[in-house]
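Protein sequence lines correspond, in order, to chains A and B. The numbering of the first sequence is the UniProt record's numbering, which starts it at 1 and goes up by one. The numbering of the second sequence is the UniProt record's numbering, which starts it at 1 and goes up by one.
Fair warning: there could be bad hints in the mix.
To be verified - Which bits of chain B does chain A cover? Going by a derived footprint, with three or more residues having C-beta under 8 Å, they are:
1) 155-163
2) 314-328
As the list claims (entries may be wrong) - Under the rule of at most 30 Å between Cα atoms (straight-line distance), these lysine-lysine pairs were calculated in the BS3-like manner:
3) A/LYS150 x B/LYS32
4) B/LYS144 x A/LYS40
5) A/LYS150 x B/LYS290
6) B/LYS163 x A/LYS40
7) B/LYS32 x A/LYS76
If you are wondering where the hints come from, they were derived from the structure by calculation, not from laboratory data. Here the structure is a predicted model, which means the values were calculated and not measured. Ideal Cβ placement from N, Cα and C applies to all residues, glycine included.
Listed below are the residues making up each chain.
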Amino acid sequence: MAETGEQGATAVGNAQGEPILQIRGLKKHFPLTRGVVVKKQIGAVKAVDGVTFDLYRGETLGIVGESGCGKSTVAKLLMNLEQATAGEVFYKGEDITKLSGRALQAVRRNIQMVFQDPYTSLNPRMTVGDIIGEPYDIHPEVAPKGDRRKRVRELLDVVGLNPEYINRYPHQFSGGQRQRIGIARGLALRPEIIIADEPVSALDVSVQAQVVNLLAGLQREFDLSYIFIAHDLSVVRHISNRVGVMYLGRMVEIGSDEQIYEHPTHPYTQALLSAVPVPDPDGREGRERILLAGDVPSPANPPSGCRFRTRCWKAQDVCAEIEPVLEVPERYQSEPGEPAAHPSACLFPEERDIVGTAE
Amino acid sequence: MSTTDTTAVGQGNTTPSGTSLLEVDDLHVEFKTRDGIVRAVNGVSYSVDSGETLAVLGESGSGKSVTAQAVMGILDMPPARIPSGEIRYRGQNLLTMSNEARRKVRGAKIAMIFQDALSSLNPVLTVGYQLSEMFRVHRGMSRKEAKARAVDLMDRVRIPAAKERVNDYPHQFSGGMRQRIMIAMALALEPDLIIADEPTTALDVTVQAQVMDLLADLQKEFHMGLILITHDLGVVADVADKIAVMYAGRIVETAPVHELYKNPAHPYTKGLLQSIPRLDQKGQELYAIKGLPPNLLNIPEGCAFNPRCPMAQEVCRHELPPLHEVTDDSGRPIAGRGSACHFWKETLHG
Ligand SMILES: Nc1ncnc2c1ncn2[C@@H]1O[C@H](COP(=O)(O)OP(=O)(O)OP(=O)(O)O)[C@@H](O)[C@H]1O
Ligand SMILES: Nc1ncnc2c1ncn2[C@@H]1O[C@H](COP(=O)(O)OP(=O)(O)OP(=O)(O)O)[C@@H](O)[C@H]1O
Ligand code: SF4
Ligand code: SF4
Ligand SMILES: [Mg+2]
Ligand SMILES: [Mg+2]
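Based on the sequences and whatever the hints tell you, model everything.
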């Protein structure tokens with residue numbers, strides 16, 4: 001299929017083999033309504049507004065960005081849990097935004113999601129064993145009935161939960177324990193793609209390390225592909241081959257972990273990296289932080305031109321008029337080997353070392 | 001013991017001298033379950049003063065939230081039970097107070113920001129209504145006044161276009177925005193003490209920085225105490241004055257923030273610090289403490305950490321280590337430092 005994406009970007013050059021998911025010009029607009037009895041649409045929240053990227057087999061693509069920028073909505077669109085307003089999601093050449101019924105079910109077996117909210121995504125009336133084993137009811141071919149308890153116990157062990165907890169209910173677990181239940185459930189069907197929305201944010205760093213190591217191990221073993229959404233940029237760096245940065249419904253920069261972390265060219269990425277708290281109290285005062293001015297604009301009414309311009313310290317008049325495209329900036333196009341040469345949606349891209357590894 | 005004026009807002013100085021704003025003293029909490037008694041909190045003590053920030057760290061499932069819920073008086077009893085311990089707010093034991101007196105403290109004096117923003121907000125009421133209610137019930141404001149204050153608060157926690165979104169329902173906000181609404185709710189009545197249970201877990205780093213700055217500003221302005229429960233050691237390093245580390249329902253280490261990062265005195269803390277992924281590093285495998293967290297139905301005898309501890313000796317398997325005072329090289333106690341490890345000295349110097 002052709003590159004129909006509005007932002008026109010293909011993935012960076014380090015593509016290992018064929019893409020397993022191709023996302024083109026994806027949009028989701030939620031209607032804004034007024035009135036209780038007669039609902040009248042007065043606008044739309046443009047939660048996702050033209051996003052294009054590829055996911056390759058066996059890779060981990062990290063997605064980071066401001067809260068509310070549309071990460072979870074993208075994740076749900078990829079599973080067809082939300083109906084896309086526009087755009088396509090190709091899985092092995094098939095547009096899953098157009099699928100329904102049995103065909104969709106078959107695809108979903110191979111694409112599993114671990115949800116952001118460990119509190120509301122687990123049914124309070126089901127035991128943990130039933131929750132983790134539920135996918136086997138829908139896809140009984142994966143595990144014969146007599147085998148299920150054993151599989152569930154294995155999964156509990158794999159995510160670092162005591163298999164003796166199999167008969168407990170979700171409310172008897174702490175936040176972090178519930179998140180691990182969600183991960184175990186996501187792994188049950190041994191899918192090809194796992195979309196993990198904040199899978200480790202409620203875990204202590206040691207359990208987090210166990211889960212991250214676990215995910216990496218499973219990936220090596222089964223050639224899994226991950227989309228890993230998280231706010232913790234250190235964790236994202238650790239697990240990702242590539243990282244995409246979103247702002248207000250759009251992808252603003254994408255590249256390998258080295259390109260994004262050590263050679264970011266988009267001002268928003270630079271601000272994001274500078275805000276990462278460093279686990280060292282002696283560094284409290286010494287660090288340079290790019291503090292963003294102003295508030296996050298409403299996704300119902302995004303700024304014209306570059307959406308970041310209301311908070312960008314480099315913004316010029318032209319930024320209000322021209323919408324920057326996600327592509328390798330012109331000034332770096334002549335140096336394809338340079339780490340700065342990766343797609344960035346800014347009219348004035350410029351490398352800046354934030355993390356300080358270049359010293 | 002003086003009775004505190006429960007109508008005044010944000011007074012910082014009514015604490016009888018010598019008592020902290022909040023003291024948790026040898027608290028025990030257990031849950032009755034089908035499989036037996038779950039001992040979630042096993043003798044926790046900590047304190048926080050006005051204007052001070054205590055960070056509570058620790059294993060997921062170690063009792064951080066349950067302790068906080070006991071302080072707030074929001075545990076379901078049964079199945080929960082508090083067999084012993086005291087929780088003193090300005091010297092008064094909350095556990096023996098009348099229900100009415102306690103209600104006055106909760107919400108207005110001690111407010112909590114919960115870990116689970118979605119389930120703490122009522123899904124069928126607009127966020128504006130839920131915020132306004134606080135002002136109507138506690139401050140007797142008119143509907144209009146209260147609504148204006150609600151918009152104000154949403155602005156303060158940086159909800160874009162607050163005026164237009166005040167009539168939206170919780171599910172229409174992103175995870176991070178809901179968390180900010182929870183923060184707005186806790187701040188509404190300008191309490192003396194805020195217990196924030198992972199307030200920034202769902203937030204991106206720039207908003208997180210803003211929210212923590214906001215909390216810190218308000219804390220200074222109103223001289224509030226803050227108990228911050230979090231897994232983010234970066235945030236802790238940024239804002240905490242002192243730290244308590246929990247494992248299996250106990251405090252295993254206490255220390256001022258600088259000391260803890262530089263020189264942990266408990267093997268669990270040490271393992272935790274080693275597990276932090278770093279922004280400037282891409283390693284092969286992250287360090288992780290080996291083994292599984294303990295089953296609280298059946299906590300290991302002796303030191304609960306012993307099956308996973310690289311330093312464990314025979315004594316650790318049958319003797320429960322008390323919280324030892326940690327001393328410097330010349331034997332003088334270091335203020336605020338304690339470690340519940342038989343071999344804290346070796347850990348500190350190893
Ligand atoms: N059902 C809905 N109706 C209306 N607006 C919605 C709905 N779901 C999400 N939104 C809006 O869409 C935008 C994107 O939300 P989304 O949950 O995708 O953000 P996110 O990037 O995952 O944020 P976070 O990091 O806080 O989880 C937000 O402005 C949110 O308020
Ligand atoms: N209603 C309940 N019945 C039985 N056990 C419970 C109940 N509520 C909590 N627990 C147990 O009590 C322990 C402490 O839970 P708590 O929520 O305080 O952990 P936490 O330290 O806050 O963990 P996290 O960092 O994951 O939020 C957990 O092991 C949990 O399984
Ligand atoms: S296009 Fe202009 S406003 Fe947008 S990020 Fe670049 S410099 Fe800033
Ligand atoms: S008391 Fe023993 S088992 Fe416990 S932390 Fe110290 S050395 Fe390890
Ligand atoms: Mg989200
Ligand atoms: Mg908790």
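Results for each hint:
Counting residues of the stretch 155-163 of chain B whose beta-carbon sits less than 8 Å from any beta-carbon of chain A gives 3, enough to reach three: the coverage restraint holds. Taking a C-beta to C-beta cut-off of 8 Å, the stretch 314-328 of chain B contributes 0 residues in contact with chain A, too few for the three needed, and the coverage statement is violated. Taken as a hint, the A/LYS150 and B/LYS32 pair is honoured in the structure, with Cα atoms around 27 Å apart against an allowance of 30 Å. This hinted pair checks out: B/LYS144 and A/LYS40 have alpha carbons roughly 24 Å apart, not beyond 30 Å.
Taken as a hint, the A/LYS150 and B/LYS290 pair is honoured in the structure, with Cα atoms around 23 Å apart against an allowance of 30 Å. Straight-line distance between C-alpha atoms of B/LYS163 and A/LYS40 comes to about 18 Å, which keeps the hinted pair within the 30 Å bound. Distance restraint check for B/LYS32 and A/LYS76: the Cα-Cα separation of roughly 38 Å exceeds the 30 Å cut-off, and the hinted pair is therefore not satisfied.
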